[in-house]
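S.K.: Chains as they are written, first to last, in numbering that gives the first Met the number 0: chain B, 0 to 233; chain A, 0 to 233; chain L, 0 to 233.
Derived by calculation from the structure, the hints in this document are not laboratory data. Since this is a predicted model, take the numbers as computed values, not measurements. It is possible that some hints are incorrect.
Below, a list of computed lysine-lysine pairs in the DSS-like style, where the Cα atoms sit at most 25 angstroms apart [said to hold, decoys possible]:
id, chain 1, residue 1, chain 2, residue 2
1, B, K99, B, K173
2, A, K36, B, K173
3, L, K36, A, K176
4, A, K159, B, K176
5, B, K99, B, K160
6, B, K198, B, K173
7, L, K176, B, K231
8, L, K159, L, K173
9, A, K99, A, K159
10, B, K36, L, K176
Covered stretches of chain L (chain A as the covering partner; in silico rule of three or more C-beta atoms under 8 angstroms from a C-beta of chain A) [what the hints assert, rightly or not]:
id, region
11, 65-71
12, 198-212
Quick reminder that beta carbons are idealized off the backbone N, C-alpha and C, glycines included.
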Amino acid sequence: MDFLADFLVKFISQFQSPTLGFLFGGMLIAALGSRLKIPSAIYQFIVFMLLMKIGLNGGIEIREANLAAMAMPAFFSMLIGVIIVILGVNLFRILPGVNKLDGIATAGLFGAVSASTLAVAIVMLEEEGMFFEAWAPALYPFMDIPALILAIVLANIHLKKEKEGKHTNVEVWKIVKDSLRGSALSALLLGLALGLFTKPDPILDSFYEPLFRGFLSILMLIMGMEAYDRIKEL
Amino acid sequence: MDFLADFLVKFISQFQSPTLGFLFGGMLIAALGSRLKIPSAIYQFIVFMLLMKIGLNGGIEIREANLAAMAMPAFFSMLIGVIIVILGVNLFRILPGVNKLDGIATAGLFGAVSASTLAVAIVMLEEEGMFFEAWAPALYPFMDIPALILAIVLANIHLKKEKEGKHTNVEVWKIVKDSLRGSALSALLLGLALGLFTKPDPILDSFYEPLFRGFLSILMLIMGMEAYDRIKEL
Amino acid sequence: MDFLADFLVKFISQFQSPTLGFLFGGMLIAALGSRLKIPSAIYQFIVFMLLMKIGLNGGIEIREANLAAMAMPAFFSMLIGVIIVILGVNLFRILPGVNKLDGIATAGLFGAVSASTLAVAIVMLEEEGMFFEAWAPALYPFMDIPALILAIVLANIHLKKEKEGKHTNVEVWKIVKDSLRGSALSALLLGLALGLFTKPDPILDSFYEPLFRGFLSILMLIMGMEAYDRIKEL
Chain B
0 MDFLADFLVK FISQFQSPTL GFLFGGMLIA ALGSRLKIPS AIYQFIVFML LMKIGLNGGI
60 EIREANLAAM AMPAFFSMLI GVIIVILGVN LFRILPGVNK LDGIATAGLF GAVSASTLAV
120 AIVMLEEEGM FFEAWAPALY PFMDIPALIL AIVLANIHLK KEKEGKHTNV EVWKIVKDSL
180 RGSALSALLL GLALGLFTKP DPILDSFYEP LFRGFLSILM LIMGMEAYDR IKEL
Chain A
0 MDFLADFLVK FISQFQSPTL GFLFGGMLIA ALGSRLKIPS AIYQFIVFML LMKIGLNGGI
60 EIREANLAAM AMPAFFSMLI GVIIVILGVN LFRILPGVNK LDGIATAGLF GAVSASTLAV
120 AIVMLEEEGM FFEAWAPALY PFMDIPALIL AIVLANIHLK KEKEGKHTNV EVWKIVKDSL
180 RGSALSALLL GLALGLFTKP DPILDSFYEP LFRGFLSILM LIMGMEAYDR IKEL
Chain L
0 MDFLADFLVK FISQFQSPTL GFLFGGMLIA ALGSRLKIPS AIYQFIVFML LMKIGLNGGI
60 EIREANLAAM AMPAFFSMLI GVIIVILGVN LFRILPGVNK LDGIATAGLF GAVSASTLAV
120 AIVMLEEEGM FFEAWAPALY PFMDIPALIL AIVLANIHLK KEKEGKHTNV EVWKIVKDSL
180 RGSALSALLL GLALGLFTKP DPILDSFYEP LFRGFLSILM LIMGMEAYDR IKEL
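Excised from the complex, chain B in its bound form (with noise of 0.2 angstroms):
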């Protein structure tokens, strides 16, 4: 505990940011045992309408930029998502102790991307002043997908290896389909689309926008809370 309460003061008087304040604010009372809770309804609520703001920012910005600029991002997107996959599962390959499943498996989560992490960094690079194009976010499916679909193909081969009479096939389709079916990726795909083919912009600027900080804020506060129990899990 002690430890704890060093490291947190010391981030704390170094990022004053809100961002991270709530975050380790949120660690801080879960360390504390808070019996705060924030209802689930409310935390699927704030998913959403974070990313459905970063979706239809995004599609507003696409629709007013140069597509082919977007072109080499998102190639290199698939390139790093997929990278990761390989590097992560060569890693584990070396290292003892480590199924080759549950390798394939971290390896495939690493390399795709978290939805609510996209969400914070976005806002720390604006908090920040650093500049970034605003269909960044826009570039999420590119990575996350062909890092899901090839961790999934390197299981199924794993397994196929493993038990060589069964003939298994990777639907590579339904993985792709699954993947965008999620609430997070849905929402963030319909505001991309909502952005490229309607004109949100007053209901973004009346309400999405002048939402989104707070709503990143208790994110940010569940997640220190969440982040303090998987510490102590470990």
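Since the structure of chain B is already known, use the hints to place chains A and L on it.
M.R.: Positioned in the frame of chain B, the structure of chains A and L alone reads:
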């Protein structure tokens, strides 16, 4: 699926209003099998927020309006509710294979008003820049209640005719009270009363008004997802 | 019912503040048997939002304030909490037919503070334009905890006297910790800490502040509906 996509593309290109965009977006992601769900607690809260805002607005407007100007529209609202039920019941009588009671129930529902549809209609009018009296939503109960009562009275008369011996009384006042106690109508009437008898203008301007459009966009999304599920059931 | 309606009409005409309007509105629709319900997830979130805002505000103000100025009010808050319990316990001792333990528990609750009542009181002061130090809500725990502890200590002494043989220890520190861990007090204290040690001003101004009055109006509505249910139980 193909005709649906075609239909959607045409509509989206014509109506780029965010309100319709979210409706079609909801249908689209439901058709694509998305797992996105808006928690029911959020849905209930959104309906409350929309009707409370419509009520507050209406109440404030009635306070400042000429009450005599509302008398005629209120009367005609009742008349329209009643006429729709009578027309509906007779239409279903002509159609073969429709159970008499089912016909009466359906006609009653069409004579009554849907709170969500009302909210959407109001925003569509605002978006199109079409003028309407702000107390117009206050006509809701005048159309809703007579239609429901007439439908229930007709159903009771029909049942009485079938089993002549029994003498069932239609308790009109009980039906009115029960209708007024519904959560959507309660929120609208409470908003009306608060708009009439208190001074809620600051809260309306700082809270209910700015959130109205945004919450409506989410309601449209939910309605779109539900509409697709219903269409698929047919 | 008649005297209630009369009472409500008088109050509504005198206090047209939206805060009181929503409270009486809630009582009225509960009395009329409305089925309107605010989901409990929304209720919990509203309480969190209100106390987080009060805490953030208080923390920022303490950071900029003269800490010495807070010392005396903090001391008197503790004193008042303790005095209310002592007075209450002795009052209930005089009253016939009140169980000693029930009397102590009731006195303890009245010495402690209700977070919702605090939120309402703050808004009432603001609406009336009465000045108060922004760190005033930070006195909450100073009044709350001593009152609870004293009540529990008194109850334990009473129980010990009854069964002389047993020697029960009152674990004061455990009671303090448990009280601080409650969800409402956690949110308030976390807000205070974030206001003191981070710079949450942008989020406070863009999110917590504008939503405060609106969420309070819904809390008042819920409190009104509950108040009626409690009154009816008597």
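S.K.: State the violated hints by number, sorted upward, taking the hints as numbered earlier in the document.
M.R.: Those not satisfied are hints 4, 6, 11.
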